[in-house]
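Enquirer: Sequence:
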Amino acid sequence: MRVLGVDPGLTRCGIGVVDGVAGRPLTMTGVGVVRTPADAEIPDRLVLIERGIEEWLDTHRPEAVAVERVFSQHNVRTVMGTAQASAVAMLCAARRGLPVALHTPSEVKAAVTGSGRAEKAQVGAMVTRLLRLEAPPKPADAADALALAICHIWRAPVQQRLNRLQQAHAAHAAHAPRRPTGQGAAQAAPAAGTVRAPKGNNR
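Here the sequence shown stands for residues 1 to 203, numbered as in this note's numbering.
Calculated from the structure, these hints are not laboratory results. As the structure is a prediction and not an experimental result, all values here were calculated from the model. Wrong hints could be hidden among the right ones.
As the list claims (entries may be wrong) - Listed next, the in silico SDA-like pairs over lysine to any residue satisfying Cα-Cα at most 20 Å (straight line):
1) K138 - A118
2) K120 - A110
3) K120 - H172
I would like the entire structure built from these sequences, with the hints used as guidance.
Expert: In structure tokens, the structure reads:
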């Protein structure tokens, strides 16, 4: 399975591509950052991000795209830019019919390091170890993108099993006989607190 991870951002958008399946060694096939000038207009910066992501998709042909889920922060301007870059990444994937998965930062940290509160340095160190790299990818946005891809590869089989179970449960519920409701239910059972008289001769 080949996954392209995207750590969204207006100034630096981290991109990482990882090959592998859960339970087996993983391989990095590419890592980098799409940069935009801070003094450019936001629409122009989003165009640059879109072009950059499209180039990565053309080059590496991933089977899925994993994007960091954006959470609200105190700096509204920063979170807005991150959300806009995230939307561009999802648009690029959807346009190609690629499945998109959103993972929270804590999910990624827990998957890679075992702790949802790990520091960026710990994430970078574990990414380096898991992918057998000579040094941690720089900047941290690039390492985070690889961590996203790793997280998705490891979580995808579990999520697929859960989806199948949910679909099976929904199908079973749709075909299960329904209990009588309304007037039918009232006729089928006596009201609470009442006793039916036994049939026979009344004396």
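Enquirer: None of the hints should be skipped; say for each whether it holds.
Expert: Now for the hints, and whether the structure bears them out:
About 18 Å separates the Cα atoms of K138 and A118, which keeps this hinted pair within 20 Å; it holds. Only pairs whose Cα atoms come within 20 Å are accepted, and K120 paired with A110 is accepted, the gap being roughly 12 Å. Distance restraint check for K120 and H172: the Cα-Cα separation of roughly 45 Å exceeds the 20 Å cut-off, and the hinted pair is therefore not satisfied.
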